[in-house]
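Colleague: All chains, full assembly: derive it from the sequences and hints.
One-letter residues, chain by chain:
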Amino acid sequence: MSEQHGFVRRYVFSTDHKTIGIQYILTGLLMALAGGLLATLIRLQLGWPDHQWLFLSRLLPKGMPSGVMTPEFYLAVVTMHGTIMVFFFISYVLVSGFGNYLVPLQVGARDMAFPFLNMLSYWIAFLAAGVMLASFFVEGGAAAAGWTAYPPLSAVSSAVPGSQMGQTIWILSMALFIASFTMSGLNIVATVFSVRAPGMWMMRLPLTVWSYFIASILGLLAFPPLTAAAVMLLLDRHFGTSFFLPSGMVIGNTHLTNTGGSPLLWQHLFWFLGHPEVYVLILPALGVACDIIPAFTRKPVFGYRMSVWCLMAVGCLSMIVWGHHMFVSGMSPFTGEYFSLVTLTITVPMTIFGVNMLASLWGAKLQLRVPMMFSLGVLALFGSGGFGGLFLGNATADMQLHDTYFVVGHFHMMIGGVTLLATFGAIYFWFPKMFGRMMNETLGKLHFWTTFLPFFTIFFMQHFLGLQGAPRRYYAFTAYDYLQKTRGQNLIISIAAMILVSSQCVFAINFVWSLFKGRVAEANPWGATTLEWTVPSPPPHGNFGNMPVVERWAYEYGVQTVDGDFAVQTVPSQIAPVSA
Amino acid sequence: MNGYAGHVGRVLPDPPDPIRLREDQLRLGLWMFLATVTMLFAAFTSAYVVRRSGSDWHHIALPSILWVNTFVLMASSVAVEMANRFGLRRRWPATAFSFGAALAFGIAFLGGQVIAWRQMVAMGVYLPSNPHSSFFYMLTGAHAVHIVAALIVLLWGLAMTREGSRNPRAWAAQMDLCRTFWHYLGGVWIFLFALVSLY
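Residue numbers (my numbering), protein chains in the order written: chain A, 1 to 580; chain B, 1001 to 1199.
Keep in mind that the hints are not guaranteed to be accurate.
Pulled a few chain B residues facing chain A out of the computed Cβ check, cut under 10 Å [what the hints assert, rightly or not]: (1) F1041; (2) S1053; (3) D1056; (4) I1060; (5) L1062; (6) P1063; (7) P1093; (8) Y1137; (9) M1160; (10) E1163; (11) Y1184.
Derived by calculation from the structure, the hints in this document are not laboratory data.
Treat the numbers as computed from the prediction; the structure is a model and nothing was measured.
Positions of the beta carbon are idealized from the N, C-alpha and C atoms, including for glycine.
Modeller: So, in structure tokens, the structure goes:
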């Protein structure tokens, strides 16, 4: 066993799912730092459009030569912010990181089904992150075609500086990411299917595991079309094919020889991945919040079975709604009608899930500890962000709102905010299990309020910017008369963004300080019921001494045992009645 | 709150057979991988169907060696099946021979595909010549990459066959993986060949 191995095998090239999970989490947090700094640059430009930031001109002589950002650099920053946050922060920390750490522990396994593949997936992921960051330093700078990499901008090397080497590296990094994410997803699905502890029936799995399970299946099925699209994009870029490039294109003064390709083909293939991908991110966020909440309400989650069925329904529906990202692409009104209908249908299981979370709070005496506050934040953002989805899913309304800040506000609340708050909630909740120490509660609460309030302010206001017609991705909105009146709003948003970014220092300090000086954690500091709390903090290699035998579901609160008002999943029925 | 440790008393009644478990996991893993490969080629196919409606689409004449390649690949699948049957009857030399033949046919298929590409080039049809040729090179290339991966798996299967007599059950499970992967890619080729020739 690797307990006998040296430092390198234990902490670097480890096959232990817990080490790999923590590696993913730390890598993702570092990438979040990069993504957050890029967001700061965006907000500096939009909040103070003509201000000369002289210290930045020294740091970024090419992107901000006189202290003001160049339009090309702005496009690259926006692209990389989106790419890093979606694929290299949330996917790494919440999906692969916590997925790796929690799934084997919560199903009662000693490790993932394929530990070596798991290690391989992490190191490929690490490489992907490094390659993506490296693209800032090549000629022309990083990719600039948006995180969606729409051609022709992404397919013609001479289009903008970012379309040169930066875009090629972007594609290669994404290829590595997809390979790694596929391995990771395959592992999670195989683990849930094949190495559950005896008695851990599917309908006894914690909602966290269910959400990772369904998200992983979605990832496995949705990512290959992006691989196919990326291959075609590479061929268009470097080998003269015309998959995505139409006839008659003129870039600069050059007439391109491509004929007959379809930029919309890329959009279909991209969004066939892209839409399930948002559920790959958001389902684990909801699952994690569902498991944190009962530990602080001291009562079972409401409607467990219904929530599971909703997750499955959302998973299936998410594969057939991608066209709602393309309502203004000139699609037939009948197709638009179809995509509107299925999109609005998906709100039904999502709403049931959200209402179940809300009902889980009903009648409980809430213990407002830090993980619980973040989980309530998840619920708040899920509810308010979800309303925006009703407008955008409707083709008629989307025609007006498409490509405005309404969309930016909506998706930041959902795949930005819900996932960000769930990630923090998960870190505060499982930090004691991972490192054997508690995080500081006061700093945690300060972090919560200085994250939640600015976040909500920023993206709530962006909905209204969108309603006023402010287009997204514009570098200089001051150039348009009708947008002059939004200047004050952009200033407030930028100030809130600065507070949001600065407040993450509180988290960083708390994280590092608690690693070394935090109060030593017991095995089960929150009085929670799932299997990871039955083992010491941090769990030993192999997780469990004797393999656990599961006797009940994951939400047995409100019963009296020697431990308190709950029964962990291994407590036999003779000691406390079994609800499910 | 650590008192519940005392409750974890029930002993595992019947621990699962580790070899059986591993077989199940590998089979599951393979099928999930094949699901992703299916989605990859499904995406290529839908792109083909969409792109085909473009006004610049010209159907190019494909080299007739593709028919030979197809039969070679089918022969390879037959050889894998024969190896399996010989193995089940514990006729190990014949098993290894059939498996080796399957591997040789697999490599011959790849060689045949390269010849097909060279014939296309000789006719002046390159990757960017027209959309049909772009798809032809891309689809056959993507398929060939998977064939290379499968040949590595077959090579592993052949190496395992040498030890097959020591543990026939484990060998049969490994053989299952090889057969599934190889036949699957044979099926994908027949589909792709039909697509680029007929549609």
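Colleague: Hint by hint, say whether it matches the structure.
Modeller: The hints, checked one at a time:
For F1041 (chain B), the interface hint holds, since its Cβ comes within 10 Å of a Cβ in chain A; the closest pair sits about 8 Å apart. Annotation: interface hint on S1053 (chain B) holds; nearest CB of chain A at approximately 9 Å, less than 10 Å. Hint status for D1056 (chain B): holds, given a least beta-carbon distance of 4 Å to chain A, under 10 Å. At a threshold of 10 Å, the smallest CB-CB gap from I1060 (chain B) to chain A is about 14 Å, leaving the interface hint violated.
Violation of the interface hint for L1062 (chain B) is found here, the shortest Cβ-Cβ separation to chain A being roughly 18 Å, above the 10 Å cut-off. The criterion of a C-beta within 10 Å of any C-beta in chain A is not met by P1063 (chain B), whose closest approach is roughly 20 Å, and the hint is violated. Annotation: P1093 (chain B) was flagged as interfacial toward chain A, and the flag is violated, the nearest CB pair being 33 Å apart, outside 10 Å. About 9 Å separates the beta-carbon of Y1137 (chain B) from the nearest beta-carbon of chain A, less than 10 Å, and the hint is met.
Given hint, M1160 (chain B) at the interface with chain A, is violated; its Cβ is 18 Å from that chain's nearest Cβ, farther than 10 Å. A least Cβ separation of about 21 Å between E1163 (chain B) and chain A goes past the 10 Å threshold, and the interface hint is therefore violated. Interface hint at Y1184 (chain B): violated, since its Cβ lies 15 Å from the closest Cβ of chain A, which is beyond the 10 Å cut-off.
In summary, the structure is inconsistent with hints 4, 5, 6, 7, 9, 10 and 11 from the numbered list given earlier, while agreeing with the others.
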